[in-house]
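Q: Sequence:
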Amino acid sequence: MRARTSARAQRRRLLALESTEPIAFRRQNSGGYDLPSPRLETGLDPEGRQGFGLPVRG
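With our numbering applied, the sequence shown covers 881 to 938.
No lab work stands behind these hints: they were computed from the structure. Note that the structure is a prediction, hence the values are computed from the model and not measured. Even glycine gets a Cβ: it sits at the ideal position worked out from N, Cα and C. It is possible that some hints are incorrect.
[Stated by the list, open to error] Pairwise CB distance ranges (calculated): (1) P926 - P902: 11 to 21 Å; (2) R929 - T900: 13 to 23 Å; (3) Q908 - M881: 38 to 48 Å; (4) R884 - S917: 39 to 49 Å; (5) P935 - L897: 19 to 29 Å; (6) P902 - G931: 34 to 44 Å; (7) G933 - A887: 41 to 51 Å; (8) Q908 - G931: 12 to 22 Å; (9) A889 - P916: 30 to 40 Å; (10) G923 - A887: 39 to 49 Å.
Please model the complete structure; the sequences and the hints are all you need to start from.
A: In structure tokens, the structure reads:
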């Protein structure tokens with residue numbers, strides 16, 4: 881049952897792929913990161929956002 885539900889959800893995501901907005905990730909080499917470290921530059925980490933949400937702009 882769980883596999884069937886997952887397959888339906890995946891099918892919906894794939895069918896909506898053309899109309900889904902891309903994730904607005906920060907650019908790696910043109911601002912946002914303290915290179916060569918993979919850390920965000922000081923002051924760019926939004927209040928309360930952590931983990932996988934950090935690389936997303938806005």
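Q: Does each hint fit the structure? Answer for all of them.
A: Status of the hints after comparison with the structure:
Between P926 and P902 the Cβ separation comes to about 19 Å, which falls inside the hinted range of 11 to 21 Å. As the Cβ distance of R929 to T900 is approximately 21 Å, the hint placing it in 13 to 23 Å holds. About 41 Å separates the C-beta atoms of Q908 and M881, a value consistent with the hinted range of 38 to 48 Å. Taking 39 to 49 Å as the suggested C-beta distance range, the pair R884 and S917 conforms, at roughly 44 Å.
At roughly 21 Å, the beta-carbon separation of P935 and L897 lies within the given 19 to 29 Å, and the hint holds. One distance hint, 34 to 44 Å for the beta-carbon pair P902 and G931, is violated here, with the actual separation near 20 Å. Checked against the given bound of 41 to 51 Å, the beta carbons of G933 and A887, roughly 27 Å apart, lie outside it. Range check, Q908 to G931: Cβ separation about 18 Å, and the 12 to 22 Å hint holds.
Between A889 and P916 the C-beta distance comes to about 38 Å, which sits within the given range of 30 to 40 Å. Distance hint for G923 and A887: a CB-CB separation of about 43 Å, consistent with the stated range 39 to 49 Å.
Of the numbered hints given earlier, the model fails hints 6, 7; all others are met.
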